[in-house]
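*Asks:* Read off the chains here:
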Amino acid sequence: MNAASDSLQPDGGWNPSKGVVGMACLIIAESAIFTIFVVAYLFYLGKSQNGPTPQQVLELPILNSICLLSSSVTITFAVRSLRNGDTKRFNAWWLATIALGTYFLLGTGREWQHLIRDKGLTIQTNLFGTTFYSLVGLHASHVVVGLLALLMVMAFGVVGAVKKEHAERAHVLSLYWHFVDVVWVVVFTVVYIIGR
Amino acid sequence: MSAIAKTDEISGSTALDPTTAQNKNVFDHIHSWLVTVDHKKLGLMYIMYGLFFFVVAGIEAALIRIQLAVPNNHFLPPQIFNQLFTMHGTTMVFLVGMPLIFGFANYLVPLMIGARDLAFPRLNAFGFWLSVLGGLLLYFSFIGGEGMTGAGSAPDVGWFAYAPLTAKAFSKGHSTDYWILGVLIGGFGSVATAVNVISTILCMRCRGMTLTKMPLLVWLNLIMCGMVLLAVTPLTAAQIMLLLDRFVGSHFFDTQAGGSATLWMHFFWIFGHPEVYILVIPAFAIASEIIPVFSRKAIFGYPAMVGATIAIAFVSMSVWAHHMFTIGMTSAGNTFFVVSTMTVGIPTGIKIFNWLGTMWGGKLRFETPMLFSIAFVFHLLIMGLTGIMLSAAPFNWQLNASYFVVAHFHYVLVGAIVFMIFAGTYYWFPKATGRLLSDRLGKWHFWLFLIGFHMTFDTMHLPGVLGMPRRIYTYEAGRGWGTLNLICTLGAAVQGVAVLVFVCNILGSIRKGQRAGADPWDAWTLEWSTSSPPPEYNFAEIPIVRSRRPLWDIKHPTDPDWKYE
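Residue numbers (our numbering), protein chains in the order written: chain A, 1 to 196; chain B, 1 to 565.
Just so you know, the hints here were simulated from the structure itself, not pulled from any lab data.
Please note: incorrect hints may appear among the correct ones.
Listed below are the simulated BS3-like cross-link pairs for lysine-lysine, each with C-alpha atoms no more than 27 Å apart in a straight line [said to hold, decoys possible]:
#1 B:351 <-> B:297
#2 B:297 <-> B:555
#3 A:18 <-> B:41
#4 A:164 <-> A:47
#5 B:297 <-> B:563
#6 A:47 <-> B:168
Partner residues aside, some chain A positions facing chain B, computed with beta carbon under 7 Å [claimed, not checked]:
#7 16
#8 21
#9 22
#10 25
#11 28
#12 29
#13 32
#14 33
#15 37
#16 47
#17 123
#18 124
#19 127
#20 130
#21 134
Yeah, the Cβ is synthetic: ideal placement off N, Cα and C, and Gly gets one too.
Construct all of the structure, not just a fragment, from the sequences and the given hints.
*Replies:* Take a look at the structure:
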């Protein structure tokens with residue numbers, strides 16, 4: 001009987017965390033949404049009936065991209081600190097992540113302001129405007145959602161309610177943040193490199 | 001998780017003071033359903049919600065059939081006819097099909113894998129109420145769709161809402177906006193529930209239930225939910241684009257500014273075709289539970305069944321453009337989609353043989369759930385054959401958008417899915433309520449529905465072959481379509497009577513039905529090991545499983561399955 005019950009472990013001990021699986025599913029679903037927007041962007045590339053074109057108005061958002069990508073590093077450090085029970089260091093890294101994300105968002109805002117006010121490109125101008133603002137805007141809206149979630153955790157962290165046992169949840173949230181960063185790599189490639 | 005929950009939850013539920021329990025008035029009762037996060041209550045609410053809209057969409061179909069019964073009919077004005085077929089299609093897919101399959105998944109998956117709830121109970125409630133909001137928004141269009149311009153009421157753009165008909169210029173008022181928002185929000189609910197079901201299946205199985213020992217219903221729902229993640233979201237993306245087009249003046253589907261109407265078709269069918277499989281795989285799942293129990297044999301070819309379902313899911317993601325042969329693709333494109341579409345027939349054929357192999361040599365018990373299941377296998381064969389016909393591009397050019405297509409997909413949606421929803425209801429009703437549905441009324445329901453179904457949908461192929469297009473609100477006499485359409489309408493009436501019998505059966509049996517006991521069918525999966533209806537905590541003790549038929553092992557300790565698997 002003992003020998004038989006050894007074989008009762010589900011799938012040889014493979015026991016994934018439901019938070020990670022749930023977030024992975026959400027990421028798969030979100031990837032499909034972004035794929036459709038990317039396909040639309042590529043499909044309409046160069047099909048605008050009037051200007052301005054991407055070559056005329058787009059500038060590489062280098063500093064912005066560096067900020068967002070490095071926020072993936074800071075959030076990894078934050079989660080690692082929390083796993084070690086170092087809540088002070090967690091708070092610091094978490095705040096750094098929020099700051100970098102906010103800088104990215106402000107950068108996107110400045111870019112849009114420049115495009116709308118100085119270059120006269122709106123979502124109504126042509127197919128480039130339509131696909132550009134919707135793809136970049138879809139990504140930016142995900143950054144906003146991510147920042148709201150990060151801020152909520154920050155609020156709990158400031159009052160000292162985030163403890164070592166919450167490391168798993170912080171990890172799950174960090175997966176979403178990494179996803180937002182990876183999507184930016186795709187968007188950057190499609191919009192600013194292939195599309196320009 | 002299981003160890004701590006056990007004692008707490010049991011003592012919590014028995015500690016309820018009996019006098020206060022009796023004093024619960026009707027508002028307390030309703031309140032307890034509104035705030036519930038219990039997978040069984042949410043599952044039942046999904047099913048009731050689906051059945052309610054099934055009746056609504058049925059009434060819409062009945063009005064359509066009355067209008068088409070005779071040539072030159074003026075029962076409905078054309079505008080109303082357009083609204084009715086749009087609302088019928090949208091309702092049946094998004095407010096009947098999706099809630100019903102998620103209702104069954106919600107109710108059965110935790111019970112079958114020996115879990116106490118889904119992985120995220122509050123996300124589950126969130127998903128359900130989002131679906132309700134979607135349904136209410138869609139139907140609010142009947143009173144709120146006029147908007148400021150006074151044009152239109154319910155949406156009338158067809159369930160696939162082709163561009164540029166949905167542009168602001170051609171769809172004035174807000175009816176199309178309600179269509180977009182209703183479907184969009186329902187889609188969010190579907191994705192939320194799919195995430196939940198997948199997490200539950202992967203993380204919450206009881207001890208000993210490896211992936212290869214899961215009941216087939218659980219496997220097939222896992223695959224279905226994976227498809228929801230990948231297939232519903234493209235529609236969400238396309239709907240967001242359409243909303244942007246209508247509200248902020250972008251040009252995605254605006255052909256005058258260089259936008260493409262064809263792109264919408266692609267995006268819609270990238271969702272639309274896998275959606276058919278999202279709906280039919282749960283029907284396969286129900287059949288795979290019922291047929292073995294009523295054949296008194298274990299399922300034939302369990303690994304082949306799982307493999308075939310994964311193959312269907314995979315192939316069905318790359319067949320969408322067979323809905324679009326008539327837009328004129330390149331011959332390479334046509335060939336690809338013809339071949340990929342025909343390929344779906346192979347795994348589907350494997351499934352049919354597996355069910356037949358299960359029945360072969362079994363001791364068949366012809367009770368109502370089994371009758372519906374046998375009819376389902378037969379219908380699946382017929383719709384597979386007409387599907388192969390339609391997958392050939394030249395044949396499709398001739399018959400696309402004719403009643404032949406309508407007959408074909410109703411064979412899937414009614415002949416397969418609705419039949420299995422009925423079968424599943426007869427099979428699991430005793431588990432959910434503790435009482436059996438009347439078998440006598442069930443047989444009336446089955447035979448009337450079967451006869452009505454074949455009168456309507458067998459006949460409907462013929463006007464299609466004779467050239468009758470879809471979505472026309474009336475037709476001239478003397479084209480040879482009149483008598484056939486009349487037979488279709490009479491068949492619809494017979495189906496209506498059958499559904500009435502079904503509703504009476506439910507309402508009667510819920511109060512006076514025969515007591516079922518825990519295991520009325522002598523079945524083998526875990527949901528039958530707990531009481532009917534199951535307690536809130538499902539299992540007093542989390543079960544331990546050693547084979548695919550854990551209840552067989554308990555009932556036959558001298559000859560358990562795990563010796564052979």
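*Asks:* Next step is simple, just say for each hint if it's right about the structure.
*Replies:* Hints and how they fare:
1. A C-alpha spacing of about 16 Å is found between residue 351 of chain B and residue 297 of chain B, which places the hinted pair at or below 27 Å, so the restraint holds.
2. The straight-line distance between the Cα atoms of residue 297 of chain B and residue 555 of chain B is roughly 15 Å, inside the 27 Å bound, and the hint therefore holds.
3. Restraint check for residue 18 of chain A and residue 41 of chain B: satisfied, since their Cα atoms lie roughly 22 Å apart, inside the 27 Å limit.
4. Using a Cα cut-off of 27 Å, the hinted pair residue 164 of chain A and residue 47 of chain A is violated, with the two alpha carbons roughly 53 Å apart.
5. Between the alpha carbons of residue 297 of chain B and residue 563 of chain B the distance comes to roughly 16 Å, so the proposed pair stays at or under 27 Å and holds.
6. Between residue 47 of chain A and residue 168 of chain B, the direct Cα distance comes to roughly 22 Å. Compliance with the 27 Å bound is thereby established for this hinted pair.
7. Annotation: residue 16 of chain A was flagged as interfacial toward chain B, and the flag holds, the nearest CB pair being 6 Å apart, inside 7 Å.
8. A distance limit of 7 Å between C-beta atoms decides the matter here; for residue 21 of chain A the minimum to chain B is near 5 Å, and the interface restraint holds.
9. Given the 7 Å rule on beta carbons, the hint for residue 22 of chain A holds: about 4 Å separates it from the nearest Cβ of chain B.
10. The beta carbon of residue 25 of chain A is positioned within 7 Å of a beta carbon in chain B (closest approach about 4 Å), and the interface hint is therefore held.
11. The interface hint given for residue 28 of chain A holds, since its Cβ lies 5 Å from the closest Cβ of chain B, which is under the 7 Å cut-off.
12. Because the closest C-beta pair between residue 29 of chain A and chain B is about 4 Å apart, less than 7 Å, the hint holds.
13. Contact between residue 32 of chain A and chain B, as hinted, is supported at the beta carbon level, the nearest pair being about 4 Å apart and thus within 7 Å.
14. The beta carbon of residue 33 of chain A is positioned within 7 Å of a beta carbon in chain B (closest approach about 5 Å), and the interface hint is therefore held.
15. Contact between residue 37 of chain A and chain B, as hinted, is supported at the beta carbon level, the nearest pair being about 6 Å apart and thus within 7 Å.
16. This hint holds: residue 47 of chain A has a C-beta 5 Å from the nearest C-beta of chain B, less than the 7 Å allowed.
17. Hint status for residue 123 of chain A relative to chain B: holds, with the closest Cβ pair at about 5 Å, below 7 Å.
18. Contact between residue 124 of chain A and chain B, as hinted, is supported at the beta carbon level, the nearest pair being about 4 Å apart and thus within 7 Å.
19. Annotation: residue 127 of chain A was flagged as interfacial toward chain B, and the flag holds, the nearest CB pair being 5 Å apart, inside 7 Å.
20. The restraint placing residue 130 of chain A at the interface with chain B holds, with a minimum CB-CB distance near 4 Å, inside the 7 Å limit.
21. Because the beta carbon of residue 134 of chain A sits about 6 Å from the nearest beta carbon in chain B, less than 7 Å, this interface hint is met.
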